[in-house]
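Visitor: Okay, here's what each chain looks like letter by letter:
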Amino acid sequence: MRKIELPLKEDDILSLKVGEWVELSGPCYSARDSAHKRIFEALEKGERLPINLKGSTIYYMGPTPTPPGRVIGSCGPTTSKRMDPFTPRFLSFGVKGFIGKGKRGKEVREAIEKFKGIYFVTIGGAGAYLSEKIKDMKLVAYEDLGPEAIYYLELYRFPVMVAIDSYGEDFFNK
Amino acid sequence: MRIIEGEEIYKLVKKLIEDANFDLPLSILNALKRAKEEEENPNAKIVLDILIKNAEIAKEKRIPICQDCGMVIIFLEKGEEVCIKGPLEEYLKKAVREAYLENFLRSSVVKDPLLRENTNDNTPPIIHWEIMPGDKIKISVMIKGFGSENASTVKMLNPTLEKEEIVREVINHVKEYGPNACPPLIIGLGIGGTMEKAIYLSKKAIFRDLYERNKKPHLRELEEEILDKVNSLNIGPGGLGGKTTALDVRIEDYPTHIAGLPLAINLQCCAIRFKEIEI
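Chains as they are written, first to last, in the working numbering: chain A, 857 to 1030; chain B, 52 to 330.
Keep in mind that a hint or two might mislead.
To be verified - SDA-like cross-link-like pairs, simulated, lysine to any residue; straight-line CA separation at most 25 Å:
(1) A:994 - B:154
(2) B:96 - A:875
(3) B:226 - A:1024
Stated by the list, open to error - Example chain A residues on the side facing chain B (calculated, C-beta under 7 Å, incomplete):
(4) 898
(5) 902
(6) 919
(7) 920
(8) 921
(9) 923
(10) 925
(11) 935
(12) 941
(13) 942
(14) 944
(15) 959
(16) 961
(17) 981
Calculated directly from the structure, the hints in this document are not laboratory data. Nothing here was measured: the structure is a model prediction, and the numbers come from that model. Glycine residues also receive a C-beta, built at the ideal position from the N, C-alpha and C atoms.
In isolation and in its complexed conformation, chain A is listed as follows (with noise of 0.2 Å):
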């Protein structure tokens, strides 16, 4: 499997062609329902935001709790359709990888195409081997969100295949 850095760069991005596996090394933010409802009515209020969206990656995964002598709990990928609504915009404000499950709206695809970014998919149900993939995890924003809080994420050989590419080749809408 090719193996790819984060955050990501340009010519990885434009390289990477649906359908093709690759581990990712580096660090990315996790988000899912509830930390894209705050994020959005922040920028919608122009507030300051808690992370730094541009070139970044966000996660759609909410851990369960850390058991001791660990770095992370169970952690594999959230259904990714529900936070098509917030892709878009979240797209324009510059970040340029989503890593979740299943498939994408057509907005999604054509927000992708637009801003040259990237949808990957990792494994559902495998939140206890994904757990072995990430060397380093820190709380960023939102705990009292519990498992839905923002959290920095370390991936270290992470799998994922690319089901939107950025030429808006779809792996699910061929």
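Given the coordinates of chain A, work out where chain B should sit on it, guided by the hints.
Guide: This is chain B only, laid out in the frame that chain A set:
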């Protein structure tokens, strides 16, 4: 009349919840291994290999099989000649609370569906009762994540529909919602009864043994036909292609009204977490 202390039920339910979250049923693990051998699609092989490793890591290192530790659904089938002492609902809540907090399981339940404040202990569970003859109690615990719960549905069909149209309803539903529901799936179908009875049956179908068919020949045939057709959709493990979209299809049926044909479609994800015990 046999008497069982509520405290005993609490201890058993707590243990069932813990086991379910860390220990994929052996029959399912073996089915994944078989599927990996039989798959030719390279994506399917990658996904199945990871799902098998996931089950092994979850068990060995006590990391939950899935980060969505679900809502807890408790099915209690109580014999007519047995009585449970004590505030049972409180005991069941206590079992959930302690199992989730002591084992680092994710609390995913919100108090109010609109206000959405987390209860922080995954309570309350969903509790279903049934009465059966005898003096035994059967307790079944299911952990249902919402990736697959959101992909489940009930349809109130026209009673004059032909069998082929029922098959088409299921296939179209799986085509649309299957890829997001973490396949390989087990598809539980509840046919007949009323709306809620059909849904209940589609949930209970998940407890059936793998490949155990409905006893009625025409329903057994329907199960086999749907399984074949679902596995020809090329959805595959993780929705990434292959012939293992579903490990099994189970139909549970009940008498229904002359005007109706309820059909509940329950998509169970690959993180199949259930345990049961009879006492």
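Visitor: All hints, please: hold or fail.
Guide: To see whether the hints hold, each was checked on the structure:
{"no.": "1", "hint": "A:994 - B:154", "verdict": "holds (21 Å)"}
{"no.": "2", "hint": "B:96 - A:875", "verdict": "holds (14 Å)"}
{"no.": "3", "hint": "B:226 - A:1024", "verdict": "holds (22 Å)"}
{"no.": "4", "hint": "898", "verdict": "violated (18 Å)"}
{"no.": "5", "hint": "902", "verdict": "violated (25 Å)"}
{"no.": "6", "hint": "919", "verdict": "holds (5 Å)"}
{"no.": "7", "hint": "920", "verdict": "holds (4 Å)"}
{"no.": "8", "hint": "921", "verdict": "holds (4 Å)"}
{"no.": "9", "hint": "923", "verdict": "holds (5 Å)"}
{"no.": "10", "hint": "925", "verdict": "violated (10 Å)"}
{"no.": "11", "hint": "935", "verdict": "holds (5 Å)"}
{"no.": "12", "hint": "941", "verdict": "violated (15 Å)"}
{"no.": "13", "hint": "942", "verdict": "violated (17 Å)"}
{"no.": "14", "hint": "944", "verdict": "violated (19 Å)"}
{"no.": "15", "hint": "959", "verdict": "holds (6 Å)"}
{"no.": "16", "hint": "961", "verdict": "violated (12 Å)"}
{"no.": "17", "hint": "981", "verdict": "holds (4 Å)"}
Consistency with the previously given hints fails for numbers 4, 5, 10, 12, 13, 14, 16, ordered from lowest to highest.
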